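For the sequence shown, the numbering used here gives the first residue as 41, with consecutive numbering after it.
Because the hints were derived from the structure by calculation, they are not lab data. Treat the numbers as computed from the prediction; the structure is a model and nothing was measured. Watch out, some of these pointers could steer you wrong.
Cross-link-like lysine-lysine pairs, in silico, BS3-like; alpha carbons within 25 Å at most [said to hold, decoys possible]:
| no. | residue 1 | residue 2 |
| --- | --- | --- |
| 1 | 491 | 322 |
| 2 | 491 | 516 |
| 3 | 425 | 322 |
| 4 | 321 | 516 |
| 5 | 525 | 506 |
| 6 | 483 | 465 |
| 7 | 198 | 184 |
| 8 | 506 | 182 |
| 9 | 492 | 323 |
| 10 | 492 | 506 |
| 11 | 322 | 483 |
| 12 | 282 | 46 |
| 13 | 525 | 483 |
| 14 | 526 | 465 |
| 15 | 429 | 318 |
Estimated spans, in silico, between C-beta atoms of each pair [unchecked claim]:
| no. | residue 1 | residue 2 | range |
| --- | --- | --- | --- |
| 16 | 119 | 483 | 19 to 25 Å |
| 17 | 319 | 504 | 32 to 38 Å |
| 18 | 141 | 121 | 29 to 35 Å |
| 19 | 142 | 503 | 45 to 51 Å |
| 20 | 525 | 43 | 20 to 26 Å |
| 21 | 526 | 338 | 27 to 33 Å |
| 22 | 285 | 70 | 17 to 23 Å |
We put the beta carbon where it would ideally sit given N, CA and C, even for glycine.
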Amino acid sequence: MKFLQKLGKSLMLPVACLPICGILMGIGYAFCPETMQGGEVSGFLGMLGFFLVKAGGALIDNMAILFVIGVGVGMADDHDGTAGLAALASWLMITNLLSTGTVTTLMPSIADNVNKTLAFDKIANPFIGILAGVIGAMCYNKFKATQLPNWLSFFSGKRCVAIISGVVSIVTSAVLLFVWPVVFGVLITIGQGIVGLGPVGAGIYAFLNRLLIPTGLHHALNNVFWFDTIGLGDLTNFWAGKTSADVTWSLGMYMSGFFPCMMFGIPGAALAMIHTAKDGKKKVAIGLVASAAVCAFVCGVTEPFEFAFMFLAPVLYVIYALLYGVFTVVVALIGFRAGFSFSAGATDLVFSASLPAAANTWMILPLGAAAFVIFYLVFRFAIVKFDLKTPGREDDDVEAEKKAVLSNSDYTEVAAIILEGLGGKANVTSLDNCITRLRMEIKDYTLVDEKKIKSAGIAGVMRPGKTSVQVIVGTKVQFVADEMKKML
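From just these sequences and the hints, can you work out the full model?
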């Protein structure tokens, strides 16, 4: 579990590069529709649009390499760039050794099997990128302090990491030579099964996507459907300017259903939580979920909202995931199509509206209204009916929580409260953060006071293990982390 959480956090680093792609390509396509529709590029705006599309595509087209570096550096114990270099060395070696030309030379029979050939045609994919990143990081963590004999001392320590990564990558490539076609075949089966189910399959995918958020495994699922791991690539094809006529499914159907849920469903669910909070705790509930709802609407970052209740009311979280599945089916059936490069917020909706695959984007208004009402009613009914302990409905004494309104400017006070709740700086062995969370390793878990931590106005506390604590702060997490690092 700890490994998966660390991997999930590391994947957020390269994913954070995607918003700039969406902005650049969205503006570029609006200025230069010839980029994806064909025709001569001319005029200043046309040239500018073409330039911006190519700039954004530079990252989208090399997503796997972003994963290589992001995972390599992110999973290294001290986030040293040496791990990123080792990961890149691993990526280059694996993708070269397992390229179609190489494997068909080593095993000519592969050339006679269409599926196996396709498997190695697609070897340079995000999954292999993540694998190379893990190899680079694990080799760094294990061998960064290795002492070699004097005659090899030049290669001691960090200098040997890339070499060892290369050796591990050779062994890995030999294994993948036989395993990868089998794994790829399973992915093809899953993908074809989902595609074969049409809108229902898209709904199943959306449900699993949300359900797997706590474990971080949703990233693996996304690689199958959003990126070109098995020949689908809903996200990459959408932003490449293609349409449904260019692919074998309704392009955008694995992304579109997230828009009404994130932009309007989450605010509706947040309002239900506020309305059902206890009279003395409504301000607490507002402080925890209102800003999270705004964040989800604008940019599609949902973690601050989801972590505010997924562990307090896991049944409600399953219902929440089911609503995503239902709305994705509905959206797929009625023909609303939009895409995202980061997440399903208003920003990506605006910039994807000019793409060829976008369709009926005006329907976000009725769909959004429906999502707001349905999420509100379902959440309110479930919370009241089953007495779920959502924010503001906890049974414990929350005198301290009444002050739990996170100031947008006083990050020092917030950091001090969190640090006190962690048992003081002597109890914290490491501190890191992702887009929305502080991640700490501690010595003694009995010293952690969750009530005290929550009094800082944060969205929630996770305890993945006896030595791990994660504090859900939101998109201002970097400022709080900086203050805590000073205190430590």
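*State the violated hints by number, sorted upward, taking the hints as numbered earlier in the document.*
Numbers 11 and 12, in rising order.
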